[in-house]
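Engineer: Sequence:
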Amino acid sequence: MNAQVGTLTWISGPVAHAHVTGALAILEQVWVGDARLAGEIIALDHDLATIQIYEETTGLRPGEPLYGSGQPLSVMLGPGLLGSIFDGIQRPLPALQEQSGLYVTCGIQVDPLPA
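Mapped onto the numbering used here, the consecutive letters of the sequence shown carry residue numbers 484 to 598.
These aren't lab readings, by the way, just hints derived from the structure by calculation. In this text the structure is predicted, and so the values were computed from the model without any measurement. Using N, Cα and C, we set each Cβ at its ideal position, and we do this for glycine too. Wrong hints could be hidden among the right ones.
Claimed, not checked - Each pair of labels, with its calculated beta carbon distance range: (1) Thr490 - Pro562: 16 to 26 angstroms; (2) Ile591 - Thr533: 30 to 40 angstroms; (3) Thr533 - Gly553: 12 to 22 angstroms; (4) Thr492 - Pro577: 31 to 41 angstroms; (5) Ala518 - Pro597: 22 to 32 angstroms; (6) Gly542 - Pro562: 30 to 40 angstroms; (7) Asp530 - Gly553: 36 to 46 angstroms; (8) Pro497 - Gln592: 30 to 40 angstroms; (9) Gly561 - Leu531: 17 to 27 angstroms.
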């Protein structure tokens, strides 16, 4: 979770637009809003980025920050991956339940593989 690279200007469901003020690339993983929701840059047009957000966007508003990671959205591979149950962005569901209960808290981050 790096420096702010833009500001949200429009949100509709899981898609948002942001005015870009820093370096971004297509397919880059980003963190959206104050809650730092996981997302990905799916289009860039000069200083306008289109973002696919992979978490619930209720409460997200124009003017909230966009943070770049400098890395493409990816998954980790390694021992402990097989036999585990993950959500769509490789967060292990049992660990999510331990941290937030039956309902996943927006913006929560959990290591995908055991330490």
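Engineer: Look at the Cβ atoms of Thr492 and Pro577 and judge whether their distance stays inside 31 to 41 angstroms.
Structural biologist: With Cβ atoms ~37 angstroms apart, the hint holds.
Engineer: Check the following: the C-beta atoms of Thr533 and Gly553 are separated by a distance inside 12 to 22 angstroms.
Structural biologist: With Cβ atoms ~19 angstroms apart, the hint holds.
Engineer: Has the hinted range 30 to 40 angstroms been met by the Cβ atoms of Gly542 and Pro562?
Structural biologist: holds (38 angstroms)
Engineer: Starting from the range 30 to 40 angstroms, see whether the pair Ile591 and Thr533 falls in it by beta-carbon distance.
Structural biologist: violated (24 angstroms)
Engineer: Could you see if the CB distance from Ala518 to Pro597 stays within 22 to 32 angstroms?
Structural biologist: For Pro597 against Ala518, whose Cβ atoms are near 26 angstroms apart, the range 22 to 32 angstroms holds.
Engineer: Do the beta carbons of Asp530 and Gly553 sit within 36 to 46 angstroms of each other?
Structural biologist: 18 angstroms Cβ-Cβ, so the 36 to 46 angstroms window is violated.
Engineer: Take the C-beta atom of Gly561 and the C-beta atom of Leu531, compute their distance, and say whether it sits inside 17 to 27 angstroms.
Structural biologist: Violated: the Cβ-Cβ distance is about 37 angstroms, outside 17 to 27 angstroms.
Engineer: Using the beta carbons of Pro497 and Gln592, state whether their distance is inside 30 to 40 angstroms or not.
Structural biologist: Hint violated: Cβ distance 19 angstroms, outside 30 to 40 angstroms.
Engineer: When you take the CB atoms of Thr490 and Pro562, is the distance between them in 16 to 26 angstroms?
Structural biologist: violated (40 angstroms)
Checked against the numbered hints above, the structure breaks hints 1, 2, 7, 8 and 9 and satisfies the rest.
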